[in-house]
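Chemist: Chain by chain, the residues:
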Amino acid sequence: MSDSRPILEARGLCRDVGPAKAPKRIVDDFSFQFYPGKVYTFLGPSGAGKSSILRLFNRLDEPSAGDVVFQGKPACDYPPCDLRTGVGYLFQVPYLFPGTVRDNLLFANDNITNERMAELIRITELEPNVLDRDSESLSVGQKQRVALARLLATDPKVVLLDEPTAALDPTITERIETVIRKLATEQKLAVLMVSHHPQQALRVGDEGLLIVAGRLIEHGPVQQLVNAPQTDQGKRYRDRELT
Amino acid sequence: MIDLGYTEVLLSSALMVLALVLTFFWKIPVQKDIALGSVRAFVQLVAVGYALKYIFDLESPWLILLAMLVMLSVGAYTAAGKAKGVKNAFGITLISMLFGSAVTLGLMLALGIVTFEARYVIPLAGMIIGNSMNAAALTMNRISTDLRDHAPAIEAALALGKSWRTASRRFQKEAAIAGMLSMLNFLKTVGLVALPGAMTGMILAGAEPLKAVLFQIIVGYMLLGAVSVTSIMVLELTVRQFFTRCHQLLRPQG
Chain Z
1 MSDSRPILEA RGLCRDVGPA KAPKRIVDDF SFQFYPGKVY TFLGPSGAGK
51 SSILRLFNRL DEPSAGDVVF QGKPACDYPP CDLRTGVGYL FQVPYLFPGT
101 VRDNLLFAND NITNERMAEL IRITELEPNV LDRDSESLSV GQKQRVALAR
151 LLATDPKVVL LDEPTAALDP TITERIETVI RKLATEQKLA VLMVSHHPQQ
201 ALRVGDEGLL IVAGRLIEHG PVQQLVNAPQ TDQGKRYRDR ELT
Chain L
1 MIDLGYTEVL LSSALMVLAL VLTFFWKIPV QKDIALGSVR AFVQLVAVGY
51 ALKYIFDLES PWLILLAMLV MLSVGAYTAA GKAKGVKNAF GITLISMLFG
101 SAVTLGLMLA LGIVTFEARY VIPLAGMIIG NSMNAAALTM NRISTDLRDH
151 APAIEAALAL GKSWRTASRR FQKEAAIAGM LSMLNFLKTV GLVALPGAMT
201 GMILAGAEPL KAVLFQIIVG YMLLGAVSVT SIMVLELTVR QFFTRCHQLL
251 RPQG
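If you're matching them up, the sequences are chains Z and L in order. Residue 1 is where the first sequence starts when you use my numbering, and the numbers rise one by one after that. Residue 1 is where the second sequence starts when you use my numbering, and the numbers rise one by one after that.
Errors might be hidden in some of the hints.
Only some residues are given here: those of chain L computed to face chain Z with a beta carbon under 7 angstroms [unchecked claim]:
1) A35
2) A151
3) P152
4) A156
5) A159
6) L160
7) S163
8) C246
9) H247
These aren't lab readings, by the way, just hints derived from the structure by calculation. Idealized CB from N, CA, C, for every residue including glycine.
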């Protein structure tokens with residue numbers, strides 16, 4: 001099997017915040033292996049630490065303990081800027097830099113070709129003429145897809161999506177979900193997505209991870225995690241979210 | 001030069017009394033500030049006058065350097081107080097202003113524009129440090145506010161694999177302009193809107209206007225140099241305080 005080695009791995013990740021004398025643990029001993037070509041959905045209540053885990057993978061934050069391993073090598077062995085081009089991050093609220101969409105793609109990768117730009121526009125289901133539009137003139141849905149195209153311009157192997165549809169209406173959400181599926185199936189990327197909605201996890205995800213109070217409570221095929229959780233916390237989460 | 005003494009100062013205080021009377025009848029509650037300010041200005045300036053006379057008479061290089069160090073420390077402390085939430089703010093403003101002043105004054109001495117005598121060096125240092133102080137305060141205040149307020153923009157760039165320097169470049173440019181703006185405006189309007197202090201002082205002291213003008217031009221370039229060096233040093237040192245070695249933005253933790 002070609003995908004027998006994980007592309008990304010968390011080993012005992014912890015993250016403490018707050019004053020050194022009384023720190024608060026927001027990620028607690030998180031370990032997991034992620035493989036290419038799959039969508040992993042992080043589920044759990046608000047403030048459970050899902051986004052905090054994602055930030056550790058991109059090294060936007062430093063773990064207090066534990067390691068991230070990317071392509072078999074500890075993340076701390078990579079120059080942080082190199083790691084981040086391999087493990088891309090999409091924020092909940094898209095931020096586009098001043099200028100055109102083309103400027104934004106060039107900012108991410110100044111060697112990008114016109115053909116690659118056109119391909120990214122196609123993958124993210126944007127209109128071909130969007131490249132020369134001012135980033136400020138776009139709708140939120142378009143901005144989110146441009147942010148995704150910009151992230152893909154660095155040719156990442158792993159894509160971290162932090163509630164990418166939280167600010168979008170249902171029609172746009174559906175389009176973005178289609179794009180997310182394509183990233184795993186066509187581009188063979190490992191996609192790690194935080195979502196508040198189990199229904200969205202069922203539509204998009206392959207594997208589900210339930211995070212509560214910074215800990216990985218349960219994981220497995222997303223249908224099983226959402227419809228037939230094995231743990232009490234999993235059942236409580238299902239009952240609260242699906243009723 | 002016009003011969004001045006305490007009698008003339010006393011006579012000129014009639015204008016201060018005029019200000020007091022006017023504000024009293026117009027019910028503008030600043031009489032206390034006017035009285036206190038006028039007395040303070042008198043005491044401070046007379047004290048500085050005596051101190052300068054002592055330093056000028058002694059002509060000791062160490063005393064000149066000590067006087068400059070005191071001016072620098074007070075200036076750096078004042079500038080650091082204007083920026084909120086910057087670690088090592090005093091150290092940053094002190095180093096930046098020291099560097100800006102040393103480069104500018106050093107160059108003027110090396111080029112032979114002035115000699116290392118108290119009557120030249122101390123007034124020039126006063127001008128340099130005063131302008132550097134304002135530039136340091138404005139630059140530090142602007143960059144620290146922008147880095148805090150624009151965290152999403154900075155993290156968006158960091159997450160794409162950009163360095164802290166690239167991620168904060170746009171805000172660094174804006175902060176540098178903020179720090180240098182008053183000097184740039186001064187250079188544009190000098191002579192048209194107001195006659196600057198150094199030149200006015202020389203003319204009042206009996207110098208030829210053209211000589212005073214040439215000296216003022218030198219002072220203008222000198223201050224521009226000092227302000228630019230100080231602003232850029234402040235940026236270099238301040239921005240680093242907001243990032244880790246791994247190019248992570250340090251965010252205030254709640």
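Chemist: Hints numbered earlier in the text: which of these fail when held up against the supplied structure?
Modeler: 1 and 2
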